[in-house]
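Engineer: Make the complex out of the two chains shown on their own, each in a separate frame, by following the hints.
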Amino acid sequence: MQSIEQTLAATRMFRNLTREQLAALARLGEEVEYADGSRLMIEGEPADWFFVIREGFVALQTDAPSGAITIETLHNGDSVGWSWLFEPYLTHFDARSRGATQAIRFDAATLRVRCAEDRELGYELMRSFASVIVERLQATRLQLLDVYGRATVS
Amino acid sequence: MTPRAHRVVSRRGETADTWTLALEPLPGEELPLFAPGQFGMLYAFGVGEIPISVSGASTALDPLRCTVRSVGSVSAALCATAPGDVVGLRGPFGSRWPLAEATAGDVVIVAGGLGLAPLRPAIHHVLAHRNEYGRVIVCYGGRSADELLFMSELEVWRGRFDLDIDVIVDIAGPDWHGKVGVVTKLVELAAFDPDRTFALLCGPEVMLRFGALTLRKRGVPVERCYISMERNMHCAIAQCGHCQFGPKFICREGPVQRYDEVEPWLKIGEL
Ligand SMILES: Cc1cc2nc3c(=O)[nH]c(=O)nc-3n(C[C@H](O)[C@H](O)[C@H](O)COP(=O)(O)OP(=O)(O)OC[C@H]3O[C@@H](n4cnc5c(N)ncnc54)[C@H](O)[C@@H]3O)c2cc1C
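One line per chain: the protein sequences are V and C, in this order. Note that the working numbering numbers the first sequence so that position 2 is 2, with each residue one more than the last. Note that the working numbering numbers the second sequence so that position 110 is 110, with each residue one more than the last.
Excised from the complex, chain C in its bound form (with noise of 0.2 Å):
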């Protein structure tokens, strides 16, 4: 699968070293439909090629949107593209979140820093289709007030009846009135029915141990408890092996998975 041309239509800061990019096919391409958990393997030119999870699914409402932040060479690059440059996509890879599967209950997102941006599609989802779900709950943690993503829409989704949002933060200064402590502290704070939730966890694989320890002990069953590994991969079409994980390649049974599928590898520094 060669990659597709797509030009960055914008290009937003969230924090000091992560940009989300908006992205649009060049004319003649198609636009790629990725399901919400689902990412691309963008490509900087002259650069290199790496995974990133879509943070806007090109629904109607939103324009096909990725995330990054800038760690090595090529996500540096691609957080330093301008709007009118061109980046390649190859995608839709990799499984969803189990949306469908999720309907009638409610619904418990965990996000943890960079990790909200993989889960952004499927709460645009879920409020698209908000009627097929119970209560709606989400849990993001940072480690401070300036590590936040897409602040101005959590402060609309906080006005919502229909949507129980809760951000809580490390380390607190004095212009911070919210929350401070862990993310699993939300989850302990948060109502919903364990016996009908369904649970989707994104962010550092300690925060997605200890979330999901304390999402067991308030009852959700483990086989409803779904994470989103993230861990280094390279051709994305279970080939390289960079993304083995125990028997399991992230890129093609990942990197949505429930959680009682992986949690023996979980311990385990990269494999």
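Extracted from the complex, chain V is given alone in its bound form (with noise of 0.2 Å):
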């Protein structure tokens, strides 16, 4: 099985990172694994973890009158959780895992503490989360325009 730091290093979002930079997220970072329908974040809870996803499939949902109502889901090299980097720090929605998921789980505010004191490492962390971000606002855009749409037919 890949190391952490290799782990992290293989994902899109952390490819701007230094080694240096990896090492010393990977030492923050821990191995975890959930079995199927098991929550890795609950809505409004403390925002205490984030994850990367090193195998496996985590659903975002939300609860609806009809059950729960998946908004997204993510997969391997994807993070988990962002709600940890700003105030209150407390999680939007409930993240579950589809079968058994192995995940690398970081301690949000011993991160935090790292980055206030890393400068730089926490520029590039803060760069990469942007970036993932972004992504989810321009999937979560297509998303509303319904790009499946009946007006232009096929």
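Everything labelled a hint here was simulated from the structure, so no lab data went into it. Be aware that one or more of the hints could be misleading.
Listed next, with one range per pair, are the computed distances between beta-carbon atoms [as the list claims (entries may be wrong)]:
hint: 1; chain 1: V; residue 1: Glu-33; chain 2: C; residue 2: Arg-196; range: 33 to 39 Å
hint: 2; chain 1: V; residue 1: Ile-42; chain 2: C; residue 2: Ala-191; range: 44 to 50 Å
hint: 3; chain 1: V; residue 1: Gln-2; chain 2: C; residue 2: Glu-24; range: 52 to 58 Å
hint: 4; chain 1: V; residue 1: Arg-119; chain 2: C; residue 2: Ser-152; range: 29 to 35 Å
hint: 5; chain 1: V; residue 1: Pro-88; chain 2: C; residue 2: Val-222; range: 42 to 48 Å
hint: 6; chain 1: C; residue 1: Pro-264; chain 2: V; residue 2: Ile-133; range: 30 to 36 Å
hint: 7; chain 1: V; residue 1: Gln-6; chain 2: C; residue 2: Glu-101; range: 37 to 43 Å
hint: 8; chain 1: V; residue 1: Glu-30; chain 2: C; residue 2: Glu-223; range: 42 to 48 Å
hint: 9; chain 1: C; residue 1: Glu-29; chain 2: V; residue 2: Ile-133; range: 43 to 49 Å
hint: 10; chain 1: V; residue 1: Leu-144; chain 2: C; residue 2: Pro-264; range: 21 to 27 Å
hint: 11; chain 1: C; residue 1: Leu-127; chain 2: V; residue 2: Ala-100; range: 27 to 33 Å
hint: 12; chain 1: V; residue 1: Gln-102; chain 2: C; residue 2: Ser-152; range: 28 to 34 Å
hint: 13; chain 1: C; residue 1: Lys-217; chain 2: V; residue 2: Ala-35; range: 31 to 37 Å
Keep in mind the model is a prediction, meaning the values are calculated, not measured. No residue lacks a Cβ here, since even glycine has one placed at the ideal position from N, Cα and C.
Structural biologist: Structure follows, in structure tokens:
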């Protein structure tokens, strides 16, 4: 199995980090496994963690009267959670494992302190998360655009 | 070209408003040979005629099929036909998917909603000549699980070891256990070699644009991205100008076209 550092290095989001920064980040990560259906994050709860999926499939969900609605699914190499970056550090959606999921988990409080101490690392991490947030925003816009809409038949 | 009479041999509901008709020429009429990507003018007698791509290209394994979404008078009349009814068919018309050119490399098929219908014969062709191609990837997106076509066939394809197929929907309730998001995400996740990939895309135009953009970001040269353009048309013989798209007539140069050749006009609403 790849080391945590190798896994992080292979993700698109951390491609701009230097080897030293990747190593520093990797030291803060721990390997975790989730069984099918377990929750990595709970809507409204403190955002104490963020995750990078190593192998598996995580659904971001919210509850509706008809049952849980899945807003997006996340896959190998994707990060889960960015609420840990901004006050009040509260999670927006449930994140539920679909099937067995292996991930790397980071303790948010430690990481925030580390970013405050090492501004360069903090800046690169912010850039990494900003790129993910922009990608997800674009994807959400496409979903809103209803790209399969009826107006253009086919 | 006058329409040739065809009998509807079966009619299968795909979604709430979309039906697949299997057609067979009446005795004495020739079986028209459609290449993957081509379309026919399907005639509901007494109502009118519309262009419809073939979703089954009359091979030994598959009868001639058309998959029609009911959006107006003619398509509704076609969707309402019953087995035994007779419809008219002119064709084949139009260009085909570049399946000969794509041999030896990977093939990435990107479909949105009803767009899987014109790609289905291309998938059948690739599977029937599997040794001639590298990796074969099908990325299929729909608004919701209820709007996906050919569900039972999707399951069969998913069970094959020589085809990577993935499906994603925009909106998912508790019953959906697959991926959620836009089809471009599947293109991002797919494993293919961009230097030797041909991409075939069909779906609404917004999806085509973003699909092609994602393929370009993955390194697939734009000259190897082909789309099927299905804008409104009328005569199918480049006479009436209904389907003129920039300098091109979709009925003559299309519907399958190289993306870079039509890209400049794609952002302009009905030309
Ligand atoms: C090459 C080609 C292949 C096609 N293949 C298929 C297919 O496999 N299955 C299928 O269901 N449909 C297909 N279409 C679209 C189909 O031809 C139209 O839905 C049909 O002409 C509508 O006719 P109607 O009389 O039912 O509705 P109309 O009353 O003519 O139209 C109903 C509504 O749909 C709009 N509309 C009609 N045609 C189009 C179009 N091409 N693009 C965008 N909006 C349109 C009209 O503006 C109107 O708002 C294809 C079109 C082309 C050009």
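Engineer: If a hint holds in the structure, say so; if it doesn't, say that too.
Structural biologist: Hint by hint, here is what the structure shows:
1. Glu-33(V) - Arg-196(C): 33 to 39 Å: 37 Å, holds
2. Ile-42(V) - Ala-191(C): 44 to 50 Å: 33 Å, violated
3. Gln-2(V) - Glu-24(C): 52 to 58 Å: At roughly 56 Å between Cβ atoms, Glu-24(C) and Gln-2(V) fall inside 52 to 58 Å, so the hint holds.
4. Arg-119(V) - Ser-152(C): 29 to 35 Å: For Ser-152(C) against Arg-119(V), whose Cβ atoms are near 57 Å apart, the range 29 to 35 Å is violated.
5. Pro-88(V) - Val-222(C): 42 to 48 Å: 45 Å, holds
6. Pro-264(C) - Ile-133(V): 30 to 36 Å: 32 Å, holds
7. Gln-6(V) - Glu-101(C): 37 to 43 Å: 38 Å, holds
8. Glu-30(V) - Glu-223(C): 42 to 48 Å: Cβ of Glu-30(V) to Cβ of Glu-223(C): about 47 Å, so the range 42 to 48 Å holds.
9. Glu-29(C) - Ile-133(V): 43 to 49 Å: 59 Å, violated
10. Leu-144(V) - Pro-264(C): 21 to 27 Å: The hinted range 21 to 27 Å holds for Leu-144(V) and Pro-264(C), with Cβ atoms some 26 Å apart.
11. Leu-127(C) - Ala-100(V): 27 to 33 Å: 31 Å, holds
12. Gln-102(V) - Ser-152(C): 28 to 34 Å: 33 Å, holds
13. Lys-217(C) - Ala-35(V): 31 to 37 Å: Since the Cβ atoms of Lys-217(C) and Ala-35(V) sit about 35 Å apart, the hinted range of 31 to 37 Å holds.
The structure shown violates the earlier hints numbered 2, 4 and 9.
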